[in-house]
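> Listed below are the residues making up each chain.
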Amino acid sequence: MVDESFLAGERELTHDDLKPYLTPLGISVDLGAVDERIQEIEADDDIDPQSSDIDAELAPTLHRSLSLTRNQAADAGLWHYLCIVRFPDFVHYRWDHVYNPEKPGNMEEKFLKAGADIYSNALHRLWWAAELTYEPAESDDPKDRDYERTRRALEFQELANDVFDRWFARYRPVATACVDLLCHEALEDLRGDYADPPSNSEIVSDTTTRLREELTVRRVESMDKEDIVDTIESLRDDVMRNDE
Amino acid sequence: MTAEWGFTTSRPTDARYGDDVAKYAMSDGEQGLKTFVREVLQNSNDARLENDEPAEVTFRLETLEGDELRSYLEALDISTWSEHAGLSGETESGEHIVDAMSRIEEEDALRILTIEDKNTAGLLGAETADESNFTALVRDVLFSSKSGDTAGGSYGLGKAVLWLFSGLSMVLFNSTLSEPDPRDDSPRLIGRTRLPTHKSADGETVFQGHGWYGKAEESEGAGRSRPESLWGEAAADRADPLRLTRPDSSGTSIQVVDFRVPTAEERLDDTELAEEITDLTLEWFWPAIYNDNLKVNVETETETREASLDVHPKYTPFTSCLSERGEAVEELEEPGDITDTSIDLTVPPKTGDSGETDGELALLVRRAQPDEVHKRNSVAFVRGAGMVVEYYDRDKIVVGNEDFHGVLLGGKARPWGTGTEATETDRVVEEFLTAAEPPRHNQWERTETLANTYSRGFKKAVEGIKPDVTDKLRSLVAPNVDRGATGPERLGNRFKIGNEAKSGRSKRESPSSQRVSGETDISFDETYDHWVFEGNIEPLSDGYEIREVTVSLVRMGEERATNDRLPVANVSSNTPGVGVSLPEENDVQVGRLNPSPGTTSVTFEGSSDLDQRRVETRLKVSVDIAKRGDE
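Here the protein sequences line up with chains A and B, keeping their order.
Each residue of the first sequence is one higher than the one before, starting from 1 at the first, in the working numbering.
Each residue of the second sequence is one higher than the one before, starting from 1001 at the first, in the working numbering.
If you are wondering where the hints come from, they were derived from the structure by calculation, not from laboratory data.
Misleading hints may appear alongside valid ones.
Partial chain A-side listing against chain B, Cβ under 10 Å, derived [stated by the list, open to error]:
| no. | residue |
| --- | --- |
| 1 | 209 |
| 2 | 210 |
| 3 | 213 |
| 4 | 225 |
Just so you have them, the derived chain A footprint on chain B, three or more residues with Cβ under 8 Å [claimed, not checked]:
| no. | region |
| --- | --- |
| 5 | 1177–1190 |
| 6 | 1262–1274 |
| 7 | 1614–1627 |
What follows is a list of derived Cβ distance ranges for each label pair [said to hold, decoys possible]:
| no. | chain 1 | residue 1 | chain 2 | residue 2 | range |
| --- | --- | --- | --- | --- | --- |
| 8 | A | 227 | B | 1128 | 35 to 41 Å |
| 9 | B | 1586 | A | 105 | 23 to 29 Å |
| 10 | B | 1303 | A | 137 | 31 to 37 Å |
| 11 | B | 1092 | A | 86 | 39 to 45 Å |
| 12 | B | 1612 | A | 105 | 37 to 43 Å |
| 13 | B | 1034 | A | 136 | 34 to 40 Å |
| 14 | A | 238 | B | 1179 | 32 to 38 Å |
| 15 | B | 1542 | A | 72 | 58 to 64 Å |
All C-beta atoms in this analysis are idealised placements derived from N, C-alpha and C, irrespective of residue type, glycine included.
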């Protein structure tokens, strides 16, 4: 059903079209806040269509509204439904630039991937990015949670790509440390300490590559928070010093 | 005689200074107290007179308040200085200085740190000398005139830390000279401040920013003047309210006004600072203290601490290497045992000269007692200056190694503890190692000075020191290993890491495509810290020959291969008629084999560049084949 004309935005799929394939999940969520936020984002002249700023702006609301356990979030059908039936306009608004009739897979994954792949489906990726980086509040009220780190990660696309699309991101201490140590703000603070540091994007790309390599000989789950921070700081230092 | 501040003027078109470049060159991301203590003590250590007495250094921390503060500030001609500082508030560093002034006024308190040394040369040399202790420490930027090839500093950058640690960017000097150069009426008193370039209140005059405190005197050029040193009685009279009175010995007192640690989150109190200065002194200067060349005290208003190795025995494992060197043994069997071995260092000739020098460094290793945990498993690198250049951390060099402390003695330090004197060769090594130290003197590495002074071979010499130390240590501290003639090599075999299973060797079938077959093997050689690989290739079908084989080393990531490649350092082949080369692909060196026509089977072997990171690495072999006889 998700064919070329759907991917091209020429055809819609409704709840009724998909009815024979839908299974109730037994959870109920209010998506009003997400609708509202998408409208605000689309109306905001400072946020360009298809920019990563959209991710940074929507992820907190989406995660607050969708109070799911990780187990529930692993159900790919939920995300397929949300992208195909509930928010297809949003998916197009954010991702139309990747549509290429010769390579339909690029657009298809924005609607259809999910499950263990946490960084492809247009909404699933935002939910996971927030899940892995938000700061829980003392109260149980999702409104009190702090999503500043999520914003920092998602508004710097290179950082979001290089963290959430890697295995290590599934371990929250690594995801949070990567964002804290490699976001624009952190790098700008350090820049003056180095003679000729590479660009922020290069620092992020090279540091996370070295981290991936480091994790071929160390088990990330056996590292404590301090060890993780020390390791990333040391790799980042090598990169900023242009040390081979 | 009155003393006053004077500021050098410049033309409106001259370069402007927002701050002092040397401060930034020195700070290099590390503005903590360590750099300060190392630089200050190195200055005094280098200036020690050539006699049997140590250079004596006292760090004195004082906080001035109330009347005491007012008479100090009056003696300092603070009103003239403040007028200029107030005009420099436009730049960031100027703003900090203005903030510091208001803080002092508000708190009615000022902390000063005076570093007084004795049995040192003092600030010798005329105000206008080209090269002298005076001009190097007080006047010039980025010049150095330290004498002798043993001097710790050789860039003239170190002194910049003095101003960096002054909230007002102001430093005063009072010196008793060891010889009458340029005058015989010591003491000699002068102050310097480094403010950003600023204009007079009426906007007519541009001041370059360098200010001098001393006797006002017209110097060359109309309207330009800078105060010069006060001498004799005039200097002594002024030194008294400035708390810079000299003891009866040659040397220099340096005062950092409004002393602060630039990177400290909170202002440390005097006791905390004194403790830290004492600790850092011992950490970096235990060799000079042990050799009685340096004595350091740290005074606060309530107590005096001596940086004594007896009082603070943390460094005994290192000093024992020297004191018990005569009783060295062959193998480290018991805690406390010491071995005395050497590392070769071939010093290339200087540019234009010929003939290299076969020198050596002494490596003393002592097996640690169970309770000796401080700096365990590190090697202190030391040369004749008596300062520890670096602690080379070699923790867990071999799985399950015995704990140890090591000292690597280079240059004039090599014979320490043997009762013999340094040789001419040691002096050549000393000079080489000095040139191998960057401005902060915190390691031996390839520097511009080395490149400018020595012929080819300096890189190999200086970069070979650490791997050689590592090899030696492995053979000394590895557990349960037969330390026979082939010690390091045997260890290398035992502790190889392969790639597939992350331990042990790995064999992979069919490396290139479906058209060739063969076997490859890659493993990590711990002896030389690089990967070694070998393989053989032949086409699957008869009638084909091999045209080209390219070998590259791919670094793996957690989930799949990365785009990162490790350079192939060398490749060779036992197959007759195979040409080998090391071209670059995507900026990384690969191994290339070009067999002669008709070759149907190729073997190869080779190794990677040094790889300190030791992450999982795989061998990628790409093979071009063609039908036999095709062009």
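> With reference to the structure, classify each hint as holding or not holding.
Tested hints:
no.	hint	in the structure
1	209	holds, 5 Å
2	210	holds, 8 Å
3	213	holds, 4 Å
4	225	violated, 18 Å
5	1177–1190	violated (count 0)
6	1262–1274	violated (count 0)
7	1614–1627	holds (count 3)
8	A:227 x B:1128: 35 to 41 Å	violated, 57 Å
9	B:1586 x A:105: 23 to 29 Å	holds, 27 Å
10	B:1303 x A:137: 31 to 37 Å	violated, 48 Å
11	B:1092 x A:86: 39 to 45 Å	violated, 52 Å
12	B:1612 x A:105: 37 to 43 Å	holds, 40 Å
13	B:1034 x A:136: 34 to 40 Å	holds, 38 Å
14	A:238 x B:1179: 32 to 38 Å	violated, 49 Å
15	B:1542 x A:72: 58 to 64 Å	holds, 60 Å
Checked against the numbered hints listed earlier, the structure breaks hints 4, 5, 6, 8, 10, 11, 14; every other hint is satisfied.
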